[in-house]
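All chains should be modelled from the sequences, with the hints used to inform the complete structure.
Take 304 as the starting number for the sequence shown in our numbering and just add one per residue.
Honestly, the hints are just simulated from the structure, not real lab data.
Some hints here could point you the wrong way.
Derived DMTMM-like pairs: lysine to aspartate or glutamate, alpha-carbon spacing no greater than 25 Å straight-line [unchecked claim]:
1. 405 - 331
2. 381 - 398
3. 325 - 311
4. 367 - 324
5. 353 - 379
6. 369 - 358
7. 325 - 342
8. 353 - 375
9. 381 - 358
Pair by pair, the computed Cβ-Cβ distance ranges are [as the list claims (entries may be wrong)]:
10. 381 - 311: 37 to 47 Å
11. 337 - 372: 48 to 58 Å
12. 407 - 358: 16 to 26 Å
13. 335 - 358: 23 to 33 Å
14. 307 - 345: 34 to 44 Å
Ideal Cβ placement from N, Cα and C applies to all residues, glycine included.
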Amino acid sequence: MSDSKYQEALDRLCENDYFDEKGNCNCELIVMDRILLQELVDKTTWVPVKKGLPDDRQVVLTIKNKHISILEYHADTKHWFETRGNWWWSYNMVDAWMPLPKPYLGSER
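This is how it looks when you write it as structure tokens:
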């Protein structure tokens with residue numbers, strides 16, 4: 304599925320497009336859209352480092368004292384690596400992180 308799956312779920316929600324011509328509810332579709340939209344929320348929520356860390360060598364958005372950076376996490380050393388080549392001190396230099404969005408490839412709409 305593409306990222307448009309989230310837009311499709313939102314469109315159905317906004318248009319209340321869960322009922323057939325007889326007024327029967329497609330409850331399975333409602334549950335599926337709820338799961339999809341929760342997945343999107345989870346992708347855009349800060350994860351405190353006390354609750355979890357990114358995968359090894361994953362590049363993520365990080366925040367420390369309102370300062371936002373894009374860093375790579377190294378699980379073996381518990382260090383954060385600035386993609387320009389400068390090491391950050393250690394994992395406690397980051398308060399929270401979130402995955403980066405996929406690169407923009409142009410509008411589908």
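Next item on the list: Starting from residue 353, check that the Cα of residue 379 is at most 25 Å away, please.
Entry: 17 Å, holds
Next item on the list: Could you check the hint for me, namely that residue 337 and residue 372 are 48 to 58 Å apart, CB to CB?
Entry: 33 Å, violated
Check: Does the Cβ pair residue 407, residue 358 satisfy 16 to 26 Å?
Finding: Distance hint for residue 407, residue 358 holds at roughly 23 Å.
Check: Is the straight-line distance between the alpha-carbon of residue 325 and that of residue 311 25 Å or less?
Finding: 22 Å, holds
Checklist line | Straight-line alpha-carbon gap residue 369 to residue 358, limit 25 Å | finding: Answer holds: residue 369 to residue 358 is near 23 Å, not above 25 Å.
Notebook entry, point to check: Can the suggested window of 34 to 44 Å be confirmed for the beta-carbon pair residue 307 and residue 345?
Noted result: 18 Å, violated
Next item on the list: Verify the proposed pairing of residue 405 with residue 331, using a straight-line Cα cut of 25 Å.
Entry: 28 Å, violated
Margin query: Does the beta carbon distance between residue 335 and residue 358 stay inside 23 to 33 Å, or does it fall outside?
Written below: 27 Å, holds
Notebook entry, point to check: Within a Cα-Cα threshold of 25 Å, do residue 381 and residue 398 meet the stated pairing?
Noted result: This hinted pair holds, its Cα atoms lying about 14 Å apart.
Notebook entry, point to check: residue 381 and residue 358: Cα distance at most 25 Å?
Noted result: 11 Å, holds
Note to self: Just to be careful, I want the Cα atoms of residue 353 and residue 375 compared with a cutoff of 25 Å; is the pair within it?
What the structure shows: 17 Å, holds
Note to self: Run the distance test for residue 325 versus residue 342: straight-line Cα separation, threshold 25 Å.
What the structure shows: 31 Å, violated
Hint compliance for this structure: hints 1, 4, 7, 11, 14 are not met, and every other hint is.
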